[in-house]
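In our numbering, the protein residues as written are 23 to 280.
Simulated from the structure, these hints should not be mistaken for lab results.
Be aware that a few hints might be false.
Distance condition first, Cα-Cα at most 25 Å in a straight line; then the derived DSS-like pairs of lysine-lysine [stated by the list, open to error]:
id, residue 1, residue 2
1, 235, 152
2, 258, 246
3, 235, 218
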Amino acid sequence: PNVRQIVVFDTAFHAEIPLAAAVYPLPYEFFQQGIRRYGFHGISHQYCLQRTAQLLGKEAKYLSIITCHLGNGCSLAAIRDGVCVNTTMGYTPLEGLMMGSRSGSIDPGILIQLMRSGYNAEKLNRLLNKESGLKGLSGISGDVRQVSEAVKNGDEQAKLAFDVYLHRLQFYLGAMLSSLGRLDALVFTGGVGENKPEVRQAGCEGLSFLGVKLDSEKNQTSPKDTDIATADSPVKVLVINTQEDWAIAQECWHLCQD
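Let the hints inform the model, and build the full structure from the sequences given.
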């Protein structure tokens, strides 16, 4: 009974998101009931911010970056002056990017149509969380590696799924950029972000108008905690091995010092 219990919330890093970015355009009473955008992967995004500051030799409070947590679940965070000002996940981890088996954001009217055709809440939940995304669209798997292999073997359905995945990554990178005003670094992390060069390349190509230049040779290696942009790129491109367990341990340690 005398042991301190500490809770580290995955949503905490997104708590400072402005209300204009956090509130859904629904009747106000829903916001009063707590239905708003909370964001997820916050522990990972915060760790990547701190690690980026270390790698660039700058204080986090002076950085303007986009962190891309790309794994089976995917989310982006726009971080300005060390504070998260926007993110792609919302009230649940379903919002935003296309993921391994989650749909990401879709037209809500589709759900109304599906309910009219016989879908109930449980069936919709399974469809959106377990049967959509790369898995549903490719008909193969939610694993990017398997979908990529199918693309190399000429599978057109897999190619469509991967193209949609990359398109939506670029689309949401643009949305995050609009919340920043400037970009010091683009950060990739997570199983896909750390290990799939073609995904990093597509993300950088979507921001090429900013002068982002990826060093193709560095990108094809297995970079960890390093900059893979060219020397003359005005925006750094970092690949960071996220360590959420270490970040949680650090937070607990700091709290225990109080």
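Evaluation of the provided hints:
1. Taking the CA atoms of residue 235 and residue 152, the gap is near 36 Å; set against the 25 Å cutoff, the hint is violated.
2. With a CA separation close to 14 Å, the supplied pair residue 258 and residue 246 stays within the 25 Å bound.
3. For the suggested pair residue 235 and residue 218, the alpha carbons sit about 17 Å apart, so the restraint of at most 25 Å is met.
In summary, the structure is inconsistent with hint 1 from the numbered list given earlier, while agreeing with all the others.
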